[in-house]
Amino acid sequence: MPTPSLNLQIPSYLDAYLLDARVYLPTCYTAPVTQHWDRKLAIIGHPYAPLGGSHDDRVVLEVVKTLLRAGWVVSTFNFRYDLKNKKNKDTLDGRS
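Once you know that position 89 of the sequence shown is 89 in full-length UniProt numbering, the rest is easy, because the numbers rise by one and skip nothing.
Please keep in mind that the hints were generated in silico from the structure rather than gathered at the bench.
From the three backbone atoms N, C-alpha and C, an ideal C-beta is built for every residue, glycine too.
It cannot be assumed that every hint is accurate.
Taking CB as the label site, the calculated pair distances span [to be verified]:
1. G71 <-> A16: 30 to 38 Å
2. L14 <-> A70: 33 to 41 Å
3. E62 <-> Y13: 16 to 24 Å
4. R39 <-> L14: 24 to 32 Å
5. Y17 <-> R69: 19 to 27 Å
6. T66 <-> L6: 13 to 21 Å
Start from the sequences, fold in the hints, and give me the full structure.
Shown next, in the form of structure tokens:
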């Protein structure tokens, strides 16, 4: 499993619910002005959270590894889902 370069939480625009996010930097990345970086960025979503999807999903992590090897900066995040109460906090209409 790749190790994230940055773990953070992003507040939702509508209700300040915190979304867990990770940023992975390829080994060739040293600074934003590096001439070797082609400014390629991918944001990877995961399968539906109520059915067990998360940014730890094996398919998500394989995509992350593949893109990192190709020199991409990659970000993943967890959709809004309360595992303790089994409630989907996602609006499912494009609002976050």
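Okay, the hints, checked on the actual structure:
1. For the pair G71 and A16, the beta carbons lie near 35 Å from each other, so the given range of 30 to 38 Å is met.
2. L14 and A70 have their C-beta atoms about 35 Å apart, which keeps the hinted 33 to 41 Å range intact.
3. The given range of 16 to 24 Å is broken by E62 and Y13, whose C-beta atoms sit roughly 30 Å from each other.
4. At about 30 Å, the beta-carbon gap between R39 and L14 stays in the expected band of 24 to 32 Å.
5. The given range of 19 to 27 Å is broken by Y17 and R69, whose C-beta atoms sit roughly 33 Å from each other.
6. Taking the beta carbon of each, T66 and L6 are about 20 Å apart, inside 13 to 21 Å as hinted.
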